[in-house]
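J.: Protein chains in written order, with numbering that gives the first Met the number 0: chain A, 0 to 442; chain B, 0 to 442; chain C, 0 to 503; chain D, 0 to 503.
I should point out that these hints are in silico values taken from the structure, not numbers from a laboratory. Any given hint could turn out to be false.
[Said to hold, decoys possible] List of simulated lysine-lysine pairs, DSSO-like, C-alpha gap at most 30 Å: (1) C/176 to A/322; (2) B/153 to B/44; (3) D/179 to B/322; (4) A/322 to C/216; (5) D/494 to B/153; (6) C/216 to C/179; (7) B/322 to D/494; (8) D/216 to B/322.
[Stated by the list, open to error] Which chain C residues stay away from chain A? Per the calculated CB distances, all over 10 Å, these: (9) 25; (10) 111; (11) 147; (12) 207; (13) 254; (14) 332; (15) 334; (16) 357; (17) 401; (18) 412; (19) 465; (20) 468; (21) 472.
We put the beta carbon where it would ideally sit given N, CA and C, even for glycine.
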Amino acid sequence: MPSFAPHTEEEIEQMLTDLGMSSLEELYTSIPSTLMRTEPLALPKDLSEIEVLEQFSRFGADNSAVRSSLISFAGGGAYDHDLSAAARHLGSQSAFVTAYTPYQPEVAQGVLQALFEFQTMVARLFGLPIANASLYDGAASLVEAVNMAVGFTKRQRVIVSTGVHPGYREALATFGAGTHLEIEHLGLAADDSTIFGSSDGDHAGAAAVIVGYPNYFGAIENIEQARALADNEEALLIVVADPIALGLLRSPGTLGADIVVGEGQSLGIPLSFGGPYLGLFAARTEYVRLMPGRLVGETRDLEGRRSFVTTLRTREQDIRREKATSNVCTNQTLMAIQAAIHMAWLGKRGFQLLARRNYDGAHYLASRLSEIGLVPSTAKFFREFTVHTMGSATELQHRMLQHGFLAGVVPPNLDDRLVFAVTEARTRTEIDGFVDSLMKELR
Amino acid sequence: MPSFAPHTEEEIEQMLTDLGMSSLEELYTSIPSTLMRTEPLALPKDLSEIEVLEQFSRFGADNSAVRSSLISFAGGGAYDHDLSAAARHLGSQSAFVTAYTPYQPEVAQGVLQALFEFQTMVARLFGLPIANASLYDGAASLVEAVNMAVGFTKRQRVIVSTGVHPGYREALATFGAGTHLEIEHLGLAADDSTIFGSSDGDHAGAAAVIVGYPNYFGAIENIEQARALADNEEALLIVVADPIALGLLRSPGTLGADIVVGEGQSLGIPLSFGGPYLGLFAARTEYVRLMPGRLVGETRDLEGRRSFVTTLRTREQDIRREKATSNVCTNQTLMAIQAAIHMAWLGKRGFQLLARRNYDGAHYLASRLSEIGLVPSTAKFFREFTVHTMGSATELQHRMLQHGFLAGVVPPNLDDRLVFAVTEARTRTEIDGFVDSLMKELR
Amino acid sequence: MKFSMASAPGGRAASSPLMGDAEEPTIFELSVPARRSFSLRDTAVPSMDLDEIQSWVREDAVELPEVSERDLVAHYTRLASRNYSVDLGAYPLGSCTMKYNPKFADQVAAIDGLTNVHPLTPPEAIQGWLRLLDELEHYVCEITGMAQATLQPPAGASGELTGLLIMRAYHASRGRKPTKVVIPDSAHGTNPASVSLAGYEAVTVPSGADGLVDLAKLRELVDENTAGIMLTNPNTLGLFEREIREILDVIHSVGGLAYYDGANLNAIVGVARPGDMGFDIVHSNLHKTFATPHGGGGPGAGPVAVVEHLVDFLPGPLPRSLDGGASYTWVTPERSIGRVHAFYGNAVVLARALAFMQYLGRDGLRTMSELAVLNANWLKTRIADSFEVAYQQPCMHEFVVSAERLKAETGVRALDVAKALLDAGFHSPTVYFPLVVHEALMIEPTETESPQTLEAIAQALEEIVATARTDAAAVFAMPRNTPVRRLDEAMAARKPILTEDQRQ
Amino acid sequence: MKFSMASAPGGRAASSPLMGDAEEPTIFELSVPARRSFSLRDTAVPSMDLDEIQSWVREDAVELPEVSERDLVAHYTRLASRNYSVDLGAYPLGSCTMKYNPKFADQVAAIDGLTNVHPLTPPEAIQGWLRLLDELEHYVCEITGMAQATLQPPAGASGELTGLLIMRAYHASRGRKPTKVVIPDSAHGTNPASVSLAGYEAVTVPSGADGLVDLAKLRELVDENTAGIMLTNPNTLGLFEREIREILDVIHSVGGLAYYDGANLNAIVGVARPGDMGFDIVHSNLHKTFATPHGGGGPGAGPVAVVEHLVDFLPGPLPRSLDGGASYTWVTPERSIGRVHAFYGNAVVLARALAFMQYLGRDGLRTMSELAVLNANWLKTRIADSFEVAYQQPCMHEFVVSAERLKAETGVRALDVAKALLDAGFHSPTVYFPLVVHEALMIEPTETESPQTLEAIAQALEEIVATARTDAAAVFAMPRNTPVRRLDEAMAARKPILTEDQRQ
Ligand SMILES: Cc1ncc(COP(=O)(O)O)c(C=O)c1O
Ligand SMILES: Cc1ncc(COP(=O)(O)O)c(C=O)c1O
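Bound-form chain A, shown alone (with noise of 0.2 Å):
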């Protein structure tokens, strides 16, 4: 008998005998007895929660994560960021975290609230007027942007820098097949930025333009001139931004972007290997009844009092069914709330010194690495950036493993190059090492 079922054999056969049955397996008796199971699942027996959890400790004995094993140089829509004490607690209040979905707004108003407060700091940070309350990930508010673009304006074509998450890209391939998207990419110069300029295509125009801000490789992307291309497109500008980036530099939505998605997981968020994660959302007001996700808006209630509820849900697939802007129901709120709380805990001023922490270690880390001669391939960057190697990236990944490193990203299919990214946790002394044992395998 699992101990989170409360019956006792007593009250099993009582209520059997309440519904005039006399054993359990009569109350399966719509089921065709040729579907019914006789023989237990082909799974070992329950264990004690000790015992479970000593089976995970040695899962994660199995893993090299990072500080207890490994120093992290690495980012690629993933950054190991030191993480408040306050947003992990609060975060993890059961009352958040054994919540549903806010479909009772009278007895919800602490998980609304604390979207309303989400969505209001994501749209200042991208400099939107309007953002909604999550979605899955960085990937998936990439293709609802792609969705909501297509939906606008009826187009199946969208231009796509390859400067932008090759996992979000692949991502919109795979979605894009089902809403039959032609993608057409733009290329990078040398120094990992985009090449704009009018698109090569013959189609009357696009959907969408799509950047990142920094791109994959770390590009300060041109906002402007993607701008620009969109307009001549009479497409709309999606930006994929790094929040972190915009502690320092100007918000996608005053550059001209139309929707600003992005990967919230560096908003206090762990690692996580990789989920649950936080896609962030918003766009311009005039494409609110598009937004995919769920919107909360502020009201009053019978008293007068302030309060909050989710709104717009005639564009939800729960109301709209096969017309909805989304297929999206359960998505991220409890990271969102995290998230949050973390911005909360920075401020305004923290925010700002943090994105300049990330800033000056890239900065110094480019700077080392130079002396050494592993010049970076991209010109402007915020916190990560490229470099060539002259081997294989993936072998020296691995052979820095052995030092305690782990040396970046290698962007896929292309094993001479290592993207790295440098965030505040990261010290000069753990630099200056990471740059010496990079040294002594270069050599």
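Given chain A, work out where chains B, C and D with the ligands should sit, using these hints.
T.: Chains B, C and D with the ligands only, in chain A's frame:
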């Protein structure tokens, strides 16, 4: 500016202006200038929270923790049990952790009801009608029990078995210096149990007779004999009980104890390098007005709803002052709540099973040790027993650390003995491994 | 019928007022210029010049709130105290499987070697994670009766779309381009939405009076343009589609595939398997059946498992051992539809689910489903005098009743009943879904609620009905004991205020 | 006087009702025979026979509750939701220093290498703990101006008794047996209680009209039978004893020692030191000044620091390095009074306190005290129109006002004000203490509350006074918004029900 103080520079200025002051120093004009420090404290400057955390992780890395570094066969008043996740989670809710002593019962029903439930569990465990809401630790509970017996009998003499935990006996001696306690000891037989028989002192009678159950060396004492001695002396019988043992053994209250005290660490509290732990205290009803510490009682609110409140407060120091039954104020409430939750998680049957697992483990170890010639001196024991080592026990314990074992505890001033403890957390594989390593060291 | 469960206390949030009844200010309203919480480490990294990127540098700082840590903590603690959750009491929310989530799984989710791993760490340094995911895939496949699975989809809806894209790739691989996917009229909204996103047309098959797919109508609908069908079984009315084999035969006979929406798996784990019923593609909602907490709306996880002849289309990468389990690496199937997540899905949620499965084990998993079904049937029968049970056959893990009679007699609607239940200390059931039942109340007690709690819910519902009959206005005015009372939702939608800055 | 702080929101628990208003059953009432939460590991240890101890084996099992984990979690989650705490709002409880506790210290307290260490692990395997304790001792001594300290006392009261026993041992070592310890009439109750337990007679010195020790009276009281004095400075009225040097000279002149009750240290950290004032023995309440959370009544920690000539009497063992810091071991002073705790005190609480001290650092610690004093003075002045300020000199970190006038005019007592404040969303101040002020309200805002919160408290107090004047009955009926309302405390004491089994 420490980030815990919310005040901005501007607000400080403004508040000072409101007070007609021009600097923070002015607040301290009532302190003679000769007493005002002009130099800063000779302490390091502030650190970020992450730096402090890393500093403490380094402290932690310099200890050998049980499970991660050492497999523990040590007891001596501190046991390595499996902890329930539910108790850990529930006990760390901020409503419990960051509340003060429940002085305003209208907004402290959570703590008060949890303590009422705790009192009930302790009373049932010890087989006595009433229990208090906790004292500092097992030692403090013993001291308070003796004070109570002294207060009740108006005698200064107590008869203490040398089987009682040496740390508790030392604390009793320390505090007894204030209350002019005369402490007389009962020796132990070869099987580690107390030699009773009328005390050899020539006093008229004693305030109390004190025995362990089981005692420090592991022996299950004969409480009926202790009771007989106490009756002889017209003294109160105080039993220092291991709560886990009471899942298997008859409770001291039903065997005749007047006061039962104990250390509650085994009830779901981490080893914590010795604290915070949990002093348990139960007694017969007739002593209720002499009880030390907080008592929570049931009552009604003005709408007739059942509610809870600290009661019989006239015993306590804040009201009775120099005539109080005790000076205790802050106690170990959070530990009491955690222990109550853990006991409820174990429940009636789990607690019984747990005790049996402890018994089985210890007796299995004892039988394996007997095979290699280390025959326990303790004849009747629960989960802890004593073996006599050939050479220095401290030396042997030191060598066993290299094998990854915490090989019991060495009784103070008895360097030829080791007291071993086994809990439900020790597997047969671990026990066998321990015996193998011991064998190697003894060869 | 006589009922055995005394009305013992249980399952109800009776926390009653804690203090004050004012609004909680927003974090922005608590903000004071120059106040702060943060502290950053001293990295000793020198300040680097900004010259090269000067034209990108913003002049202003992002207007994030400026609060003390003390106020930050108090604010979000107070917000938490304004929210109902499973940990407070029962959540009989049909279709959502809101069951108690084991606390030890929180500790699993906090293990350093799991949470602090960068997703792009080379495979040799993440063997623990790869093994864990492989083991979970095995559990998912054994439970669903499938061959292999992707763990990438971060929620059920994402799993649906993934499954439909696999369906699409499968047809394409056979040179076919069917255009329609059949869904029953009781389907969850994500189903038709996913069908559209997969480039298919959703075709609705009606339910018969018995709440089950109308097989005759299905036969009429299906032709060689049919790519497949999406079903959940038990269906959204809580009923098992008895003729499932026949239904799927119809689909398979035209070369279509059958998709199983695993949202209702909680009824049948260890009892019956979608694979044995003939399904080809199955998603599981780990945040429902396998007790990963719902987080106020997410994160979840929606692994998709497929039969043997579809494994080639699974999204990559997949954790695979090429040396019989000695070591693991990432492998992407040859004809993979591609990634559906930037990394490997909601990995930590996946770990929680595996922990839950290991804890319950082979037998416990089956008992879980049996008791979920027992609870639902008992409660359905228990409240049958108060509301009309929509369908008479034994239900599975959830059931639907209607408040139509009550509405006709008193004006009190399903929505009012839902709101009134809040005052009794319980979360409301799902209302007005599925759409095929009028004034629907969809109730799913789950196996984690005790008979005492079920009895308490039943009594609360009875009391609401009794009040409706004597004083309907009192019911309309409920809830009264909640942090706020009924909201003006129309006002929220009319001129949406979605951020602090949109407020006048 | 004009006040600058606008009434911005802040510091107030406005969580308002969450649902239901019923009692929460006890865990025993939730119990059902044979229900369970627990799971125990499979140790593979064989079952051993019980023959030898058969006569001790109990027949019955201990009647612990039998509940599901789901009900267990819901019960204690609901209980938590019935409790006020610092994390919810302000707690201006004088003498208690209820300040915000930093959350990162919870993480410190959870570090495996600290929490999972057995106290009797040999010193070579606990170097981290020994260093940590040594470092904390250094901080405590530097802050108090003392030579060495024991960290063993698990709370303030235990520290007091420890200090008095050191006093006793010191006199004994000099062949003296003085009998009396002087304490002021405003002293906290633990002081006289500790004096008795140390075997001394408590002799009270009255305060003058200015709230300070009456030096002339003190001179009359003190003679060679005086073992020492116990003071807290600032004193329990929140006033600094200006003539502290003179007071202590009187004591020292007869060979007595001066004990400093550190409960009020929060006023003067980095500003003035007990050692510099002439104190010989000082305890610090780490759960007050150094922000370790109070846990609903504990655990705390009350280290005792002493001047050089008393170090020999400190309880052992002490963490000491005999090789200049390369390694540490346990050392017990030769004339030690002995242990006062079974192990080394509340070690994890000690770790939290050190973490707090390191976080604030040299300057932050002083700022902490300065702002605590600023807050107290500001609030005192702000509410001076509503209540009579008991003493006019600038206060330190707390202050005492009297509701005597209010009581005379309206019948509303200090207690009623305290209860009414609960309804406003704040915890009450301390009332009827210190005893020397009638209808006392003792208020300590602490430095962690913002000026906005102080203003909100002031407004709430003003409103209560206003209500008292217009409708005293309304105040007597408060609180109304709390989980329960005023309790019948007499009934509780008349026939105490202290356990479930004592209930009829
Ligand atoms: C029947 C059914 N299908 C699909 C889903 C979608 O799952 P998710 O919310 O994880 O995207 C749900 C969720 O409520 C559901 O009830
Ligand atoms: C002035 C004073 N002294 C001593 C104490 C006792 O400290 P503890 O509660 O830690 O025993 C207190 C506690 O409230 C106090 O306020």
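J.: Per the stated criterion, does the least C-beta distance between residue 357 of chain C and chain A lie above 10 Å, as a non-interface residue requires?
T.: Incorrect as stated: the minimum Cβ-Cβ distance to chain A is 5 Å, not above 10 Å.
J.: Measure nothing beyond the straight line between the CA atoms of residue 176 of chain C and residue 322 of chain A; if it is 30 Å or shorter, mark the hint as holding.
T.: 22 Å, holds
J.: So is residue 25 of chain C really clear of chain A, every C-beta pair being over 10 Å apart?
T.: 6 Å, violated
J.: Just double-check residue 468 of chain C for me: nearest Cβ-Cβ distance to chain A has to come out over 10 Å.
T.: 23 Å, holds
J.: Taking 30 Å as the top limit, are the C-alpha atoms of residue 179 of chain D and residue 322 of chain B close enough?
T.: Since the Cα atoms of residue 179 of chain D and residue 322 of chain B sit roughly 15 Å apart, the hinted pair holds (cutoff 30 Å).
J.: Should the label of residue 465 of chain C as a non-interface residue stand, given a Cβ cut-off of 10 Å to chain A?
T.: 22 Å, holds
J.: Taking the closest pair, is the beta carbon of residue 147 of chain C still more than 10 Å from chain A?
T.: 16 Å, holds
J.: Does residue 216 of chain D pair with residue 322 of chain B here, judged by a C-alpha cut-off of 30 Å?
T.: 24 Å, holds
J.: Once the closest CB in chain A is found, is it more than 10 Å from residue 412 of chain C?
T.: 15 Å, holds
J.: Regarding the assertion that residue 332 of chain C does not contact chain A, is the least Cβ-Cβ distance greater than 10 Å?
T.: Residue 332 of chain C clear of chain A: closest Cβ-Cβ about 13 Å, beyond 10 Å.
J.: Is the hinted pair residue 153 of chain B and residue 44 of chain B satisfied, with a Cα-Cα distance of at most 30 Å?
T.: 54 Å, violated
J.: Is the claim that residue 207 of chain C lies outside the interface with chain A correct, judged by CB distances over 10 Å?
T.: 14 Å, holds
Hint compliance for this structure: hints 2, 9, 10, 16 are broken, all remaining hints hold.
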